[in-house]
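Those protein sequence lines, which keep their order, are chains A and B.
Just so we're aligned: 54 in full-length UniProt numbering is position 54 of the first sequence, and the numbers increase by one with no gaps anywhere.
Just so we're aligned: 70 in full-length UniProt numbering is position 70 of the second sequence, and the numbers increase by one with no gaps anywhere.
Just so you know, the hints here were simulated from the structure itself, not pulled from any lab data.
Check the hints yourself; a few may be wrong.
Stated by the list, open to error - On the chain B side, residues computed to face chain A include the following (Cβ under 7 Å):
hint : residue
1    : PRO81
2    : GLY84
3    : PHE85
Unchecked claim - If you want the ones that stay clear, here's a sample from chain B, every Cβ over 12 Å from chain A, calculated:
hint : residue
4    : LEU80
5    : ILE121
6    : GLU125
7    : LEU212
Claimed, not checked - Coverage of chain A stretches by chain B, computed from C-beta distances (three or more under 8 Å per stretch; other residues unrestricted):
hint : region
8    : 89-101
9    : 107-114
10   : 150-158
11   : 163-177
12   : 185-197
Note that CB positions come from ideal geometry on N, CA and C, so glycine has one too.
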Amino acid sequence: MRLGKCMRAAIAAVAMGVAALATAGQAEAVTLNDIISRGKVRIGVLTGAPPMGMVDEKGNPTGYDVDVANLLGSYLSLPVELVPLTPPARIPALQTGKVDFLVATLAPTGERAKTVMFTQPYSAFNMDIISGPGATFTKLADLQGKRVAVNRGSSQETALRKAAVPGLQIVVFEDDSTSAQAVIAGQADAVALPSTVGEAIIKQRPDAQLHVGFTFFQQGNSMATKLDDFELRQWLNTSIYLMKISGDLDRIATKWTGRPMPVLPTF
Amino acid sequence: MSYTFQFGALLPYKADILAGIWLTLKLSFISILLGGLAGAVLASLRSTSGRAVRLVIDAYVEIIRNTPFLVQLFIVYFGLPGLGFRVGADTAALIGMTINLTAYSTEIIRAGIEAIHKSQIEAGEALGFTRFQILRHVIIVPAVGKVYPALCSQFVLMMLASSICSAISTPELAAAAAFVESQTYRSFEVYILVTLIYLTLALVLRGALALLGLWLFGRRAVRRPLAAMPEVSA
């Protein structure tokens, strides 16, 4: 009965895992009062995607998201606990209650809106198709039969899949820099990157002769709360309005992206 | 708010998951075959050749065993094009897995070879076996038989580690899971499903390897009660 014992142990292990996940999934709604009485606000910020979110020389989180998160902390008069998150970890961290809300360069999409609630956009950038010295692409139709690298789960992946260019092969990597590396190593013909990230990589690796082909869409990024945190979302929307009116948001946008926050439709 | 599981959301992606399972199986099967054979060859070369060959094999084994698999994959996928060899993500994964598994199986089979008692080889010589016959019947086959359980564990580990190949865009099972997750945002559902699939694959692989061992080395090699130990010291 060795196999039987093995199976039982395995099934027990999986069951425990499922139970742990189920409990972790049951994060309660967070109200503004909960945060204030806790004495600190936990904000998920993006990491590994300069200039929106990255770490500085001392290993501390920094970037557009961090400045906005700290500004929100100052509106609340509370210390901010920054939780750096990789792109695929953002929504799970919110759902499991690891963070109160996200200021993590998350683009609103129809699919995401079924699992989290979005605020007005607080940042925006262009999505560019960037290629190596061998090729220049000027429109989506040029990508027919080409291999284009994207960051897994990113909105550029969604947008490219939606564009449904015939014969376009989408090659998926874990982050923006590995996707760009695929072009530098010749494993992909082009990479789809936010203009801010793309410009940073082009500057960092002049030897690779990367260049922007065209912009295929403009992306606005929102903060996100859990689906039923209406109160928190309303407060965040009000704060974004205040940041825009005071000029603080434009100052942060100019500091990190070189231009003020573009005007985007609100919802 | 309590989390509501919705496994139905994964149904439209059945084909992606199945394709992932298929590639995982293919990569594992070929790398186990190549890595196992290459390991046996390198281990016997190491035990029969001079210092130089032994040094080279030892260096290879130690470099691979003491560096992360992910880094090895990156070097194959992103580094080889710099040298003029461009391989696709599937081939790069297969090369990486085989290189990695060969190092481990060489080390495991080496231990088996060192456990063969000198008297066995002398007995072979006394019976008039040729060098090759001794190598085959007295050294390699019994050596692999001795370390077969450890070898099987390594094979299963390799199958599970193939999930790392998703980092170089190989569309195997873990990559399929990440794709479905990125399309549905149903992380818990996807990873619970994929955990169960990997568990099943691992148990099936273990079972198949145990049967193979039974066929190759007989019952005693698979399960080795104390009473069945050959009394070599007598």
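These are the hints, each one checked on the structure:
1. PRO81: Check passed: Cβ of PRO81 of chain B comes within 5 Å of chain A, closer than 7 Å.
2. GLY84: Violated. Min distance 10 Å.
3. PHE85: 11 Å, violated
4. LEU80: Violated, because the least Cβ-Cβ distance between LEU80 of chain B and chain A comes to about 9 Å, which does not exceed 12 Å.
5. ILE121: 34 Å, holds
6. GLU125: GLU125 of chain B clear of chain A: closest Cβ-Cβ about 39 Å, beyond 12 Å.
7. LEU212: Label holds. Min Cβ-Cβ 16 Å, cutoff 12 Å.
8. 89-101: holds (count 3)
9. 107-114: holds (count 3)
10. 150-158: This one holds; 3 residues, not fewer than the three required, reach chain B with a Cβ under 8 Å.
11. 163-177: Answer holds; 4 residues pass the 8 Å Cβ test.
12. 185-197: holds (count 3)
Of the numbered hints stated above, those contradicted by the structure are hints 2, 3, 4, listed in ascending order.
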